[in-house]
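The residues making up each chain are set out below.
2 protein chains.
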Amino acid sequence: MIICTQLIMIPLGAEAEEKQVKDLFSYINTHQDEFVQNLKDWLAVPSDSSDPELREELTRMINIAADRIKSLGARVEVIDMGSEKLHNGQIIPFPPAILAELGKDPTKGTVCFYGHVDVQPAKKEDGWSTDPYTLTEINGNLYGRGATDNKGPVLAWIHAVETYKALKKDIPVNLKFIIEGVEETGSPGLEDLIEKHIHFFSDVDYIVISDNVRLSKKPALTYGTRGNAYFFVEVEGGKKDLHSGTFGGILHEPMRDLVYILANLVDSSGQILIPGMYDDVAPLTKEEQKLYDDIEFDLEEHKNSSCVDTYLYNTSDEVLKHLWRYPSLSIHGIEGAFSDTGSKTVIPSKVTGKFSIRQVPNMKIPVVEKQVEKYIEDVFARLHSPNKVTVSLKIGAVPWLANIDDPQYTAAKNAITKVFDITPDMIRDGSTIPLAKTFQDLTKKSVLMLPIGGADDGEHSQNEKISRFNYIEGTKVFACFFQELSKLHGDPINGMPLKN
Amino acid sequence: MIICTQLIMIPLGAEAEEKQVKDLFSYINTHQDEFVQNLKDWLAVPSDSSDPELREELTRMINIAADRIKSLGARVEVIDMGSEKLHNGQIIPFPPAILAELGKDPTKGTVCFYGHVDVQPAKKEDGWSTDPYTLTEINGNLYGRGATDNKGPVLAWIHAVETYKALKKDIPVNLKFIIEGVEETGSPGLEDLIEKHIHFFSDVDYIVISDNVRLSKKPALTYGTRGNAYFFVEVEGGKKDLHSGTFGGILHEPMRDLVYILANLVDSSGQILIPGMYDDVAPLTKEEQKLYDDIEFDLEEHKNSSCVDTYLYNTSDEVLKHLWRYPSLSIHGIEGAFSDTGSKTVIPSKVTGKFSIRQVPNMKIPVVEKQVEKYIEDVFARLHSPNKVTVSLKIGAVPWLANIDDPQYTAAKNAITKVFDITPDMIRDGSTIPLAKTFQDLTKKSVLMLPIGGADDGEHSQNEKISRFNYIEGTKVFACFFQELSKLHGDPINGMPLKN
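In order, the protein sequences belong to chains A and B.
Residue numbering for the first sequence follows the UniProt record's numbering, beginning at 1 and increasing consecutively.
Residue numbering for the second sequence follows the UniProt record's numbering, beginning at 1 and increasing consecutively.
Don't take every hint at face value.
For identical chains, the list gives no copy identity; a pair is met inside one copy or between any two copies.
As the list claims (entries may be wrong) - Calculated cross-link-like contacts (lysine-lysine; reagent style DSSO-like; alpha-carbon spacing at most 27 Å):
1) K290 - K22
2) K85 - K321
3) K240 - K394
4) K350 - K303
5) K169 - K394
6) K370 - K388
7) K370 - K168
8) K239 - K124
9) K239 - K303
10) K445 - K123
11) K240 - K344
12) K239 - K344
13) K169 - K196
14) K388 - K344
15) K321 - K350
16) K70 - K40
17) K444 - K196
18) K104 - K350
19) K394 - K350
20) K344 - K123
21) K303 - K40
22) K123 - K165
23) K394 - K374
What the hints contain is simulated information worked out from the structure, not anything from laboratory work.
Given the structure is predicted, the values throughout are model-derived calculations rather than measurements.
Here chain A stands alone, though its shape is the one from the complex (with noise of 0.2 Å):
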């Protein structure tokens, strides 16, 4: 017998509800100029977590960001991460990370957001149209340095919040934060801060991430994305660079055995050369088909958007499977060779060559590093070469696939119902997204990504933007998905009791 001590909240009626997303939605339409203007405001805090010399401006942005929580009503601990010491010897603090939560009502749901203020490097010099670090809004589009990524989600999750806060009704979840200041350079010590933080994470439910972008205009959860085992294969025949003209024809030169073993890693169709590399890629089912039956995906301006005229598939589906439930093995280059413009007449004494393996589920990093490491010691052994190669592996990140039957997809499901009249598309993303899978591996609970943003933002590109309608949609969505969540967390006809 299991013994249920659910707690229950009553929601809204069906009119109250619609009273409710009316006052929401008209207060986010009424107010978007002052949003806007709170968007530039966080844009032209130049928060480049990349740059040493911009340390101080990233520090004020999580003093700007925790000041804006705080405003909200939530306790907030601004929280010291340590330093850093740099190539040149230097120590740097890193920025602080932000925890906060506001709402204990043990009758409600906890939902707790992540997002970072730190951005990628910009300068004007770089292609930019307008300035990075000023908010210029052209033909719908608020042009910036983190706009998508990831300013604007977090200030339309702040906003969604402010908008229960002024209308003065009660934010039907209890809501924690936890904001970051170095996402772009990988999140060092978010790993650290969660450990340490443990209990911060007790009596959250759910946990969501705004932090990528939709496939398509279409709205969009993400539930999945791939791994990356990312690998050095070092070759090394002598201990310094020789001419050409005075070694050239009695050398085993590096470079050669290098690019036989890389031109061994995967045919001309994308077929991963290496044995028992599909072994044990989860299999299709019918109910993962039917995702992806329901996508809105135009393949045509997919290949336009990435300016390749020819994939190695010709269907939509095809394509989007290669890229989310397949691995697939890119080389990305060589180090130690000459790599200039020009022509330089050198024989490499050491190469090393780099690609990367997106491993999908279930594929294990240990098994997929032996079958590498195995195969290029085959292909290496066919040379007879006297010279040294050396296999390692640099990243080891893990897959991520989220349950979708988890009551906070079907929130935000519902959520993206109601503001767009449409059913979201279940997607994945090819690309790892570390944080999803560490969130979910160290807290155990469930991991939602809810993008706001859209497939044309360029994240990590010149001119990032996002749309002024994903911006003030995406809050409707996020103030919506607090009501959502309400609902399935204390309805029993629902069935989903939460916490028990």
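Guided by the hints, dock chain B onto chain A, whose structure is given.
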């Protein structure tokens, strides 16, 4: 019937000749500190032709050399070489070149010496043990940038002439000089200079270049170099680099195509896989084989200095032939791919592989070019890739081979025997020395490469040096060479009349 208007110079008798050699050597020995001091003065001028900031120093160096040659009594012309446009749009003058002549006796042979007074870049912090622009003598070696390449040999030649002048001896040949200041940046303008002043070469019998080093400690004459056919093979898949997470798995990745092409160029035994590549290689004659039998070459020492444990070949004979008289193919690197340290998840859109073929007599560049193009086309066709491949020949430097039966080779051999009591090795250089071929082709004169520096002089490396011994004995070789040339030139017994 050939009408032969032979010019006869009365050679010295054997005894007088012996006396003269003794006087010359004695003078050179007693003045060696002065010669070293002169070299010190020259090395103090940072005449690095690759650094636009040092252009004035370079011009100053040319003027110092011109004054020095003038002081021999020569008629010196300092020739304006125009200007060059830098990448930043700045226009700076090339350093002038020197054409000089000393003596116009129609009964004597005329030898023209080529040299350069610019140097490779050098900075103490690059790993020099001493200041590169301060000649420093350690254990009999004279360290400093330009010591062996090429200021040392240029001064040795000047000192050889000076020795005759100081001893008030008749210089047994007419002398010409062509000295430039941009050899290290590829001698731009040199061909033009030769063509515009082709009359300057009309009465020249021999051209001597002393701008390379020996194979071992043993004195040597260089009679051939390999060529260099440097190819770019570009594979283009799209217009912009893409992210391997977002796009990996659906693209015909250009890097995959390129490594496949590169891996098919040469096998692991060093054999070039391009059909026809060996068809035109000059067959090895018995006479040529004889030259290899006599060469002093320490294979183990060679391996030690190259820091490579295992060569493709185990005998000196095979190693030297594969460096000098057989073609080789080296893969230098890839432009456009990721080449830094670290792990970037990029799918490069356009990558350019760079490789070169050191071709040998009697391979022809246009034939090699066609063979390479055709082969890469065939290899690429196997991939059924929609990417675009472009092959282009970027450097087409032809090999050079001198006629070693030419009198000046005999004269140089005799001079070396006189100084070192040894018969020099007849060697080639695996590298391209375009100058030799340029002079031979444009002037149609006999070209001799007469190195005085040692194999371990480190021409383009840190800690460049020439040994005091080689510098001083090299001066003696040059002085003797004048005498030996005159003997061959005017000695009817040897039957080598040169002016007819």
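Now the hints, each set against the structure:
no. : hint        : result
1   : K290 - K22  : neither (33 Å within a copy, 100 Å between copies)
2   : K85 - K321  : neither (41 Å within a copy, 53 Å between copies)
3   : K240 - K394 : both (25 Å within a copy, 26 Å between copies)
4   : K350 - K303 : between (37 Å within a copy, 17 Å between copies)
5   : K169 - K394 : neither (50 Å within a copy, 73 Å between copies)
6   : K370 - K388 : within (18 Å within a copy, 35 Å between copies)
7   : K370 - K168 : neither (59 Å within a copy, 80 Å between copies)
8   : K239 - K124 : between (42 Å within a copy, 21 Å between copies)
9   : K239 - K303 : between (45 Å within a copy, 11 Å between copies)
10  : K445 - K123 : neither (39 Å within a copy, 58 Å between copies)
11  : K240 - K344 : both (15 Å within a copy, 25 Å between copies)
12  : K239 - K344 : both (19 Å within a copy, 26 Å between copies)
13  : K169 - K196 : neither (34 Å within a copy, 92 Å between copies)
14  : K388 - K344 : both (24 Å within a copy, 24 Å between copies)
15  : K321 - K350 : between (37 Å within a copy, 26 Å between copies)
16  : K70 - K40   : within (20 Å within a copy, 73 Å between copies)
17  : K444 - K196 : within (15 Å within a copy, 82 Å between copies)
18  : K104 - K350 : neither (59 Å within a copy, 55 Å between copies)
19  : K394 - K350 : both (18 Å within a copy, 25 Å between copies)
20  : K344 - K123 : between (32 Å within a copy, 20 Å between copies)
21  : K303 - K40  : neither (32 Å within a copy, 64 Å between copies)
22  : K123 - K165 : neither (38 Å within a copy, 66 Å between copies)
23  : K394 - K374 : within (17 Å within a copy, 39 Å between copies)
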